[in-house]
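Those sequence lines, one after another, are chains W and C.
The first sequence runs 1 to 428 under UniProt numbering.
The second sequence runs 1 to 237 under UniProt numbering.
Simulated from the structure, these hints should not be mistaken for laboratory data.
Computed from a prediction, not measured in an experiment: that's the story for all the values here.
Note that beta-carbon positions come from the ideal geometry of N, C-alpha and C, so glycine has one too.
Be a bit skeptical, because a hint or two may be false.
[Unchecked claim] Heads up, simulated PhoX-like pairs for lysine-lysine below, C-alpha to C-alpha not over 25 Å straight-line:
1) W:K341 <-> C:K74
2) W:K357 <-> W:K305
3) C:K31 <-> C:K177
4) W:K305 <-> W:K361
5) W:K31 <-> W:K10
6) W:K353 <-> W:K400
7) W:K357 <-> W:K400
8) W:K341 <-> W:K232
9) C:K74 <-> W:K45
10) C:K224 <-> C:K186
11) C:K167 <-> C:K177
12) W:K31 <-> W:K45
13) C:K167 <-> C:K186
14) W:K353 <-> W:K189
15) W:K341 <-> W:K353
16) C:K39 <-> C:K74
17) C:K177 <-> W:K10
18) W:K232 <-> C:K233
19) C:K167 <-> C:K74
20) C:K167 <-> W:K10
21) C:K192 <-> C:K167
22) W:K189 <-> C:K39
23) C:K233 <-> W:K31
24) C:K233 <-> W:K72
[As the list claims (entries may be wrong)] If you want a taste of the chain W side facing chain C, the calculated C-beta under 10 Å gives, among others:
25) P73
26) V128
27) A166
28) H336
29) T373
30) S422
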Amino acid sequence: MTTLTPVLTKNWDQPDAFTLQGYGEYAAARKALAMDPDAIIQAVKDSGLRGRGGAGFPTGLKWGFIPQGDGKPHYLVVNADESEPGTCKDIPLMMANPHSLVEGIIITSYAIRANQAFIYVRGEVLHVIRRLHAAVREAYEAGYLGTDILGSGYDLDLVVHSGAGAYICGEETALLDSLEGYRGQPRLKPPFPAVAGLYACPTVINNVESIASVPSIIDNGAGWFAGMGTEKSKGFGIFSLSGHVTRPGQYEAPLGITLSELLDMAGGIRAGHRIKFWTPGGSSTPIFTDEHLDVPLDFEAVGAKGSMLGTRALQIFDETTCVVRAVLRWTEFYAHESCGKCTPCREGTYWLKQVLKRLEKGQGTEEDLTTITDIADNILGRSFCALGDGATSPIHSSVKYFRDEYLKHFEIGGCPFDPAASTVWGDA
Amino acid sequence: MSVNPKAQEGSATAGTGYPPEVRERLERDAKEIIGRYPKTRSALLPLLHLVQSEDGYVTDAGQEFCAEMLGLSKAEVVGVATFYTMYKRRPMGDYHVGVCINTLCAVMGGDQIWDELSEYVGVGHDETTPDGRISLERLECNAACDFAPVMMVNWEFFDNQTPASAKQLVDDLRDGKEVSPSRGPKRLCSFKEASRVLSGLPDGLASDGPAAAGASLEGLRVAKANGWTAPAKGDDQ
């Protein structure tokens, strides 16, 4: 049986966890600043840490792509634009434990030889932004940021930058454009940010949880981190359970834990109901059903079953939920957030929304199912960035697992479900 | 949508710019913000939050101010301001109330909350009540799904809402009662005050409120109850 492994969440129940006093001194940063920067990159490679923002790219490898001795400024940009539907781990992490992120930023910036770092945080989380500003100020006052940090001769400045409401800015190159003061639209790659990122200089962009995990790796060793998780998905991660579960919340566990195990810890599906469908890692990851409760939640096993681990955002829906309604709403989200730069995504999400609206009202035909899968086929792999690909995940997976439910809508000329039954209070 | 008397109330009106004393204060703040960035244009999003904190929305004068401070054309500023949903094109209420209607919150009751609240308040998406007190917004996911259904007021968390609690919340805001976010400062600040924090000028309230609460702590509670921890340092050797 897999058990929970609180590391990043370990101090969240302490009232002063978000202060420097509550967090404690930056022992890992102190240790790192006495190391050779390349040794830090090697340690993170050895740990097996893979990006926690969804894509799972090996973090140390990404750092290793930064050209050294090129005479250009290097930048670290933390992607704190957490906006993927269902994803709710970085926001409580930064609210409760912002110093783990700041300490991780110091170590990472030193490793990639950056003297300027940014936290790009979504704007809609005011108190989290306050906590970040306060943590950065405390770190400056304690000499962990600024010039000659801890007498090492290393300088680092860190700016907390608030976004302004745009899901697309979670895409790393759109984030860079936004941080440079432009509309947040993705850039053509290559060049990759490691070569030409912020201000056309070498830039590492990492998710909050990835960077916040770095101090624990430096402190405890790469082997300690790699000792958790599965063969190719090492370490721990925060699993966010939401929806029709008895005790939704943040469960920090080794990668490879199953939804069955997590549900046992969370008190199961809400009383008197059974699971119908769920997302393993946010709305951009194809949905799973009750067939997949024992799939190890790591990058490989989830991928082998046709979905993606994503951000471990486990949105759980029971049998009262209409899958067509859920997919329509996600599709409306993608249409709303499409940046408009490329045609397949801009036009495709718009038309998906139109057809799905008709389907949900029971006014569609079986041909419409072909239409939406055709549109999705023409978005997938043909869009400028991953937003378009993500928009097709709910479409393809819901038609695959719940075709009959779509058909039922036409048969009866409406939605067979009562939305009131799905609500928190509808069950009372 | 109703005509909002506050539209004319801001310190800036289109074409005339800010009065000198306001301009001087904004310039001081703007220069501090611009100084943090290696390249000045990076300060555009923060400056748009700053002018929104002055006027309650992004006014013509505010955009002109941003353009002047950063050496941009006004068209460049408008092009950016119109891309982001948090920059409002018309006056919002003192309390900007959002209801999450993305899939998970919608299913858990957000749709019903929105329908009932919108009817109760009498305004729709991105609209403001005639007295300028309350505006409503249909929100996309706000990263608090374990607290569904979620509402936000001036970008503070109001967790685990119901139609009744939502209406009560709006009544309390209108009546000037003290309202506390679920995870945030004891006193809810105004939309303008919130915008100032977003521009990068903190208000000193960071230490208010809990580190974490409710669902955020469920996993840690389970771990503690079972005596589960991460391996100790050196366990791998």
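- Task: For the pair we were handed, K31 of chain C and K177 of chain C, check the Cα-Cα distance against 25 Å.
- Result: Not OK: K31 of chain C and K177 of chain C at ~36 Å, beyond 25 Å, violated.
- Is the Cα-Cα distance between K167 of chain C and K186 of chain C 25 Å or less? With a Cα-Cα distance of about 20 Å, the restraint between K167 of chain C and K186 of chain C holds, given a limit of 25 Å.
- Task: Measure nothing beyond the straight line between the CA atoms of K357 of chain W and K400 of chain W; if it is 25 Å or shorter, mark the hint as holding.
- Result: holds, 19 Å
- Task: Verify the proposed pairing of K177 of chain C with K10 of chain W, using a straight-line Cα cut of 25 Å.
- Result: Answer violated: K177 of chain C to K10 of chain W is near 36 Å, above 25 Å.
- Task: Take a quick look at whether K31 of chain W and K45 of chain W sit within 25 Å of each other, Cα to Cα.
- Result: It holds: about 18 Å lies between the C-alpha atoms, which stays within 25 Å.
- Would the stated hint for H336 of chain W survive a check requiring a Cβ distance to chain C of less than 10 Å? Status holds, d = 7 Å.
- Message: Check the hint pairing K31 of chain W with K10 of chain W against an upper bound of 25 Å on the C-alpha distance.
- Response: holds, 21 Å
- Query: Does S422 of chain W pass the interface hint, meaning its C-beta sits closer than 10 Å to a C-beta of chain C?
  - Reply: Holds, about 5 Å.
- Query: Close enough to count: is the Cβ of A166 of chain W nearer than 10 Å to one in chain C?
  - Reply: holds, 5 Å
- Message: Hint check: K232 of chain W vs K233 of chain C, CA-CA at most 25 Å. Holds or violated?
- Response: Holds. K232 of chain W to K233 of chain C sits at ~21 Å (cutoff 25 Å).
- Query: Between K305 of chain W and K361 of chain W, does the CA-CA distance stay at or below 25 Å?
  - Reply: Violated, at roughly 31 Å.
- Would you check the hint for K74 of chain C and K45 of chain W, treating anything up to 25 Å between C-alpha atoms as holding? violated, 46 Å
Checked against the numbered hints given earlier, this structure breaks hints 2, 3, 4, 8, 9, 10, 14, 17, 19, 20, 24 and 29; the rest are met.
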